[in-house]
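J.: Residue-level listing of the chains:
Number of protein chains: 2
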Amino acid sequence: MKNFIFQNPTKLVFGKGEIARLPELLPDNVNLMVTLGGGSVTRNGVYDQVKAALGGRRYIEFWGIEPNPRVETLRRAIQLGKENQINYLLAVGGGSVLDGTKLIAAGIAADEDAWDIVLKGVAGDQIPFASVMTVPATGSEMNGAAVITREETKEKYGFGGDYPRFSILDPQVTYSLSEHQIACGLADAYTHVLEQYMTTPGQSRIMDRWAEGVMLSITEIAPKIKDNPLDYDLMADYMLAATLALNDFIRMGITQDWTTHQIGHELTALHGTTHGHSLAIVMPGLLRVLKDQKKAKLLQYGERIFGITAGSDEERADKAIEMTESFYRSLGLTTRLSEEGIGEETIETIASRFNERGVAFGENHNVTGDVAREILESCLLSSGHI
Amino acid sequence: MKNFIFQNPTKLVFGKGEIARLPELLPDNVNLMVTLGGGSVTRNGVYDQVKAALGGRRYIEFWGIEPNPRVETLRRAIQLGKENQINYLLAVGGGSVLDGTKLIAAGIAADEDAWDIVLKGVAGDQIPFASVMTVPATGSEMNGAAVITREETKEKYGFGGDYPRFSILDPQVTYSLSEHQIACGLADAYTHVLEQYMTTPGQSRIMDRWAEGVMLSITEIAPKIKDNPLDYDLMADYMLAATLALNDFIRMGITQDWTTHQIGHELTALHGTTHGHSLAIVMPGLLRVLKDQKKAKLLQYGERIFGITAGSDEERADKAIEMTESFYRSLGLTTRLSEEGIGEETIETIASRFNERGVAFGENHNVTGDVAREILESCLLSSGHI
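Taken in sequence, the protein lines are chains A and B. The numbering used here puts the first residue of the first sequence at 2, with every later residue one more than the last. The numbering used here puts the first residue of the second sequence at 2, with every later residue one more than the last.
One chain only, chain A, in its complex shape (with noise of 0.2 Å):
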C-alpha cells in the first residue's frame, strides 16, 4: 500500500424530506448565493423546497449555469457574487451547476481570470459552498473536484479544491429524472470506480473489496431501476453509489487511471456527448488497448464482478471487457464512436491535443497521444461488429 492522506470533511445528508434542514445547515449572517441550472428544478419541485427552507433568508439567484458548465457563463456569476459581497453558495442542482458552482467559489476569493484558476489545476482560496444535489452521478457533491468547460476554445479541464460543506441528497429528487440521465449517471459512476480500480490488484484489499463493491451494487440495481425508476430503496442505493463512487474513500493507498475521463472530456468538450456517456464509449476501448498491462486486475474483476471463471488468462481478460462494454450497453448508451457520428477527424484532433500537451496519463504513464489514438480507433467499429 502507497503512503496516503484521506481527509473529506463534507457533512452528507441523506434521505426523504432532508432539503427541509437546510436552515439549520446553513450559517446565519452570510451572504447567500443561490446558483442553479436551466430551469428543471422549477419542474421537479426542488425549487419550491429549497425557497421554502430558505424561509424569509435574505438571498440572490444566480439562474443558467449550463450542462458541462462554461468559464463565459461562470464569469458572470463571479462578477455578480463580488458585486453583492457574496460570502457563502448553495448550488441546487445536479453535477454541472455543483462544479460550476467550485469554480464561482473560487473566482469570488481570487483576483485572477477564472480560466487561469482551471488552467492552474488547483483552487487557491475558496468562499464556503454547499450544494442540494438532484442527479446522481458526477459525486461532486463530496469531492474537491470540478470541471470546467471554455466553449470559445473547446476546451475541458479539471480542478480541485475545496470539499462542499455539506450536500443534501434525496432520493426523491431522482424521481423526474429522463432514462438517459440515469442510464449516463450510472455509467458515470461505474466507470468512476473502475477508474480507481483497473490498475494493478494486491495493493489494498479493502480497497478492492470497496470499489468491487460498488460495481456489484450497480450491476444489480441497474437493471430494475429500468423496471421501478420509482422506487426510493433502488433509487436510494443509486445516489449513494454516485456519491461513493468518487469520494475519496475508495482509493486509499492505490495507483490510478484517469485515462477514461481525461479522453471522455475531449468528447464532450469537441461533441457535446454527455459525461457519463463519453466514458461508456472509451473505457472498453482503454481495456482493449491496456489489456496486458491491466490483465491481472481484469481477471480479478472479471471474476468477482462478472462472475468468470472459465477459459485461459486471454479469454477470460477478454470476457471481463466484453461483459465491460454489454453492461454499458444495457443502461441504453450506445459504446462506439461511429454510432455518434464522431470519425477519425475527432480522433486526430484527440490525439494531437495530447501530444502537444505532452501529457501520459494512466498508472503507467503512457498513456500519450499516440496510445489515446490507438484507443479511439478501437472504439470506432459499430456494435454490430463486436
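Everything labelled a hint here was simulated from the structure, so no lab data went into it. Treat the hints with care, as some may be off.
Since the list can't tell identical chains apart, any single copy or any two copies may satisfy a pair.
[Stated by the list, open to error] Below, a list of computed lysine to any residue pairs in the SDA-like style, where the Cα atoms sit at most 20 Å apart:
| # | residue 1 | residue 2 |
| --- | --- | --- |
| 1 | K292 | E323 |
| 2 | K320 | T335 |
| 3 | K296 | T201 |
| 4 | K3 | D232 |
| 5 | K225 | P202 |
| 6 | K12 | D249 |
| 7 | K12 | I255 |
| 8 | K296 | N45 |
| 9 | K12 | D163 |
Chain A is already provided as a structure; the job is to place chain B on it using the hints.
T.: Chain B only, in chain A's frame:
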C-alpha cells in the same frame, strides 16, 4: 435505506515514516500535552520518533493511561491540563490512550466531573486532540467514540464527541505487537463490522458489500499475519481494516446491533478481559440466541464470507455461526466463559445490571438483562463441547 447524516472530518495520515509529519499537522502556538500509556512506546521507538518530530516545541507529557482507561487516572490528567492551560492534546499509543484522551479533552473544557460526562453519553465542548495510533483495533483514531472504566465501581461505559483532528498511522509500529494483541485487534475490528452488519439484509447494498469487504480482508490476512507479522503490506491491510471497521463509513442508513460491545464491556469491567477478546466470546453466543431474528442476514453472511451454500436455511445459519466462532479461535482466542474461569455469578451480575438500568439493546431493542443472561449461558461451555 434510513435517512442519515454522515460527517467524519478526521485527517488520516497513513504510511511509512509519516510520524515525521507531526510539525506540519500540529497548529503552531498551542499549549500541547502529549498523552501516553505505560511505556511500550519507549520500547518500540515511537516515542523517540514523536520527540524528534516535535523538535524544539514546548509541551508537557502525561504518562500512565492504562488499558481500559480509568476515570481515576484521567481526572489527574485533566487537572494537569487545566493547571497548564493546555488547549491541544496529542495521544501517542493505542485505543485506550486515545479514548482516555477524548475524555481529557472534554474534562479540560468542562467544569463538571469527568465521570458525569461519561454518564451523559455525549461530550459537550472538547479541546482539539489528535493521535499517533500504535495498535490497530478500536478505530478510535477516526471516530468520535470513547469507552471509559470507573475502577471503584467496576463500570465501563462509552460516550460520543469530537473526532481526532488528525491521526497518523504507520503500519511499521505494529511490528512490536504481541500475538495476543494482534489477535485481539483483529477480533475487535471483525466484531465492529459484524455489529454494524448483522441485523437485516437489503437496507443498503453498498453498506452490506463494504462490511463484507472488511470482513473478507480480515479473514484473508489473519492466518498470513501469524506467519509474517513483519510483512508491511499485510500489516497495512490490518491497520486500515481496523480504522475502516469503525469510522462510520459502513453504517450509512442502516440499523445496528451493539449488544456484543455492551456485554463485552461488562466482562472487561468485572474481569479485565481484553476488549477484543471479550467480543470474541460474546458474539457467537449472541448469534446463537438471536439466530431466528438475524437468520436472513446470517445466510447472506455465511455465503459471502465463508462460501456456505449447502444445506437448509437452519443448517446454513448454524454453520455461519460455527465458522464465526472458529474464526475467533483461529486467532488464538478462547471463545467460552469457562475457559476464562468466568461463571454463573458474573452472568447474574451482568443480567441484574442490565435489568436495573432498564436497557434493551439490539436492532429490535429486545436484548434485556434476561436475554443477555441467555446469551452468556450459551457462552459457558468449554470449546470441547462445541
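J.: Now tell me, hint by hint, if it's right for this structure.
T.: Consistency of the hints with the structure:
no., hint, result
1, K292 with E323, "within (12 Å within a copy, 42 Å between copies)"
2, K320 with T335, "within (19 Å within a copy, 46 Å between copies)"
3, K296 with T201, "within (8 Å within a copy, 37 Å between copies)"
4, K3 with D232, "between (40 Å within a copy, 14 Å between copies)"
5, K225 with P202, "between (30 Å within a copy, 18 Å between copies)"
6, K12 with D249, "both (14 Å within a copy, 12 Å between copies)"
7, K12 with I255, "between (25 Å within a copy, 17 Å between copies)"
8, K296 with N45, "neither (45 Å within a copy, 41 Å between copies)"
9, K12 with D163, "both (13 Å within a copy, 14 Å between copies)"
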